[in-house]
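Novice: Here is what each chain is made of, one letter per residue.
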Amino acid sequence: MMRPVLWTFLAMATASALFYSSAVQAQKTSLEVSHGAEARNLPSRGLQNPSGSQEEAVAAGRKLYRAHCAQCHGFNARGQDRGSDLHSASIQNSPPETLFLILRNGRIRKGMPSWSRLPDQRLSQIVAYLKTLR
Amino acid sequence: MTFIINIGTIPPLSMAITANEIRKVVQTLLRVVAGFGLLLTLVPCHVLAGDEVYFVTYSHHMEEPGSLEIAPSFIFGVPKTSNRFLANWTEVEYGVNAWWTTEFYLDSQKTFRDSAVLTGFRWEHRFRPLANEHWITPVFYFEYEHLSDAEKTLKEVVGFDSRKDFDESNADLRPHTKDEFETKLILGSSYRGWNISENFIAEKKLNQDGPWEFGYAAGVSRSLRLSATSRECRWCRENFLAGVEFYGGLGTLDDFTLRGTSHYAAAILAWTVSDRVTLRVSPTLGLNSRSIPYMMRFGISYEIPRFNRQIRGLLR
Chain A
942 MMRPVLWTFL
952 AMATASALFY
962 SSAVQAQKTS
972 LEVSHGAEAR
982 NLPSRGLQNP
992 SGSQEEAVAA
1002 GRKLYRAHCA
1012 QCHGFNARGQ
1022 DRGSDLHSAS
1032 IQNSPPETLF
1042 LILRNGRIRK
1052 GMPSWSRLPD
1062 QRLSQIVAYL
1072 KTLR
Chain B
19 MTFIINIGTI
29 PPLSMAITAN
39 EIRKVVQTLL
49 RVVAGFGLLL
59 TLVPCHVLAG
69 DEVYFVTYSH
79 HMEEPGSLEI
89 APSFIFGVPK
99 TSNRFLANWT
109 EVEYGVNAWW
119 TTEFYLDSQK
129 TFRDSAVLTG
139 FRWEHRFRPL
149 ANEHWITPVF
159 YFEYEHLSDA
169 EKTLKEVVGF
179 DSRKDFDESN
189 ADLRPHTKDE
199 FETKLILGSS
209 YRGWNISENF
219 IAEKKLNQDG
229 PWEFGYAAGV
239 SRSLRLSATS
249 RECRWCRENF
259 LAGVEFYGGL
269 GTLDDFTLRG
279 TSHYAAAILA
289 WTVSDRVTLR
299 VSPTLGLNSR
309 SIPYMMRFGI
319 SYEIPRFNRQ
329 IRGLLR
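As they're listed, the protein sequences go chains A and B.
So for the first sequence, this note's numbering puts the first residue at 942; every next one is plus one.
So for the second sequence, this note's numbering puts the first residue at 19; every next one is plus one.
Check before you lean on any hint, since a few could be wrong.
Residues on chain B that point at chain A, a partial pick, calculated with CB under 8 Å [stated by the list, open to error]:
(1) Met80
(2) Glu82
(3) Pro90
(4) Asn115
(5) Ala116
(6) Trp117
(7) Ala149
(8) Asn150
(9) Ser208
(10) Gly211
(11) Leu244
(12) Ser245
(13) Ser248
(14) Arg324
Treat the hints as calculated values from the structure; they're not laboratory data.
Here a beta-carbon is modelled for each residue, glycine too, at the ideal position from N, C-alpha and C.
For reference, chain A alone in the conformation it holds in the complex (with noise of 0.2 Å):
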């Protein structure tokens, strides 16, 4: 009988630990963007320019940016009426790691969902063509 319980608890315990390991890594994240210290301990290696020149990187962002974003940011990214203006004065002067973490993040509360289904690679040829836009 003691058996199934401590397994029980074994996997409850590496649960609920690992749920709050990354609830506070989450805290932490959120407060380096929201005090604009986003360019401490970021993963840096996704935003490598990884195709090569930046020509190739923002036209692959473009390609990416119709297929995931154009449905709500609208074509021309201007925004509609579910996404924000791309071209607006707190995206254009945000550091690309700022939207780089906004991309990975979402704004899950704003209705923007995740996009770390995307690879690292991918979110930063997605910054570097909106980038672009100013």
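On the provided structure of chain A, position chain B as indicated by the hints.
Specialist: Leaving out everything else, chain B in the frame of chain A:
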């Protein structure tokens, strides 16, 4: 162009008329899916999508808000001691918002040298409790199932499920229905292009006595190319995802164990045909004597972005 897929004959049972009708429906569905899949490979490619690859394991990724995904999937099973079967589950998944996804399933199956039956439905909800992406991101999953014992989709394996459950005929299994509540803790991580997902499953029958049953599923997958190319292409490596998943039972609350439970390992390949369509295939092997030795899963998913706006437009 006509596709003919022979899925066997039905013996003259008392339920022959119903079974015959269902067989026609299944045949038609198969033809439509096959034709649809072929057509999609011929239409121009616009863009690509990075999407889910697993059949059984859930990742922490949610459906995009307002999007509707329709995904008929099939499993062809070759049990040792009973007839081969082809089971279908059709998923209709909707992103209510960025932290809530709901999904409805309709299940059916055709057992060769037996009959074809509708086996029930499932309705699930997934909630993402934390706002940001983390090293391990949790998602809570709740599902209500109304299924007959003839259900063969193996969407999850719990308790002491085994291939012997499939030994009886559809006529014997179909009248026995069960209402079940299922919950999962979904843990997902994204690391250097890899998706790593683990599910802990707990299931309880609502209309029968019985203990909580447990199961697990875990998967790892990765796109064959992490960065996107600038050109439009259909056969690029970036459009393919490959992975493996493992799933099986963990016994019950009274007997929490790996012994006497069935376990499976599956390789998976997904091809994102366009931004809306993904094809998936998964050869699956049973890992012990209680498992079905060989199964093949395949499916197609079609996504309708901004479905909510389209419906709103129709109603205006």
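Novice: Each hint: holds or not?
Specialist: Going down the list of hints, with the structure as the test:
A distance limit of 8 Å between C-beta atoms decides the matter here; for methionine 80 of chain B the minimum to chain A is near 6 Å, and the interface restraint holds. A hinted interface residue such as glutamate 82 of chain B counts as satisfied when its beta carbon comes closer than 8 Å to some beta carbon of chain A; here the least separation is about 5 Å, so the hint holds. Given hint, proline 90 of chain B at the interface with chain A, is violated; its Cβ is 22 Å from that chain's nearest Cβ, farther than 8 Å. A least Cβ separation of about 6 Å between asparagine 115 of chain B and chain A falls short of the 8 Å threshold, and the interface hint therefore holds.
Annotation: alanine 116 of chain B was flagged as interfacial toward chain A, and the flag holds, the nearest CB pair being 4 Å apart, inside 8 Å. With a cut of 8 Å, the hint placing tryptophan 117 of chain B at the interface with chain A holds, because the nearest CB-to-CB distance is about 5 Å. Proximity of alanine 149 of chain B to chain A holds as hinted, the smallest CB-CB distance being about 5 Å (cut-off 8 Å). The criterion of a C-beta within 8 Å of any C-beta in chain A is met by asparagine 150 of chain B, whose closest approach is roughly 4 Å, and the hint holds.
Using the Cβ-Cβ criterion of 8 Å, the hint placing serine 208 of chain B at the interface with chain A is satisfied: the shortest such distance is roughly 5 Å. Taken as an interface hint, glycine 211 of chain B checks out: its beta carbon lies about 4 Å from the nearest beta carbon of chain A, inside 8 Å. A hinted interface residue such as leucine 244 of chain B counts as satisfied when its beta carbon comes closer than 8 Å to some beta carbon of chain A; here the least separation is about 4 Å, so the hint holds. Of the supplied interface hints, the one on serine 245 of chain B holds, with its beta-carbon coming within about 4 Å of a beta-carbon of chain A, less than 8 Å.
Evaluation of the serine 248 of chain B hint against chain A yields a held restraint, the C-beta minimum of about 3 Å falling below 8 Å. Hint status for arginine 324 of chain B relative to chain A: holds, with the closest Cβ pair at about 5 Å, below 8 Å.
Hint 3 from the earlier list is the only one contradicted by this structure; the remaining hints agree with it.
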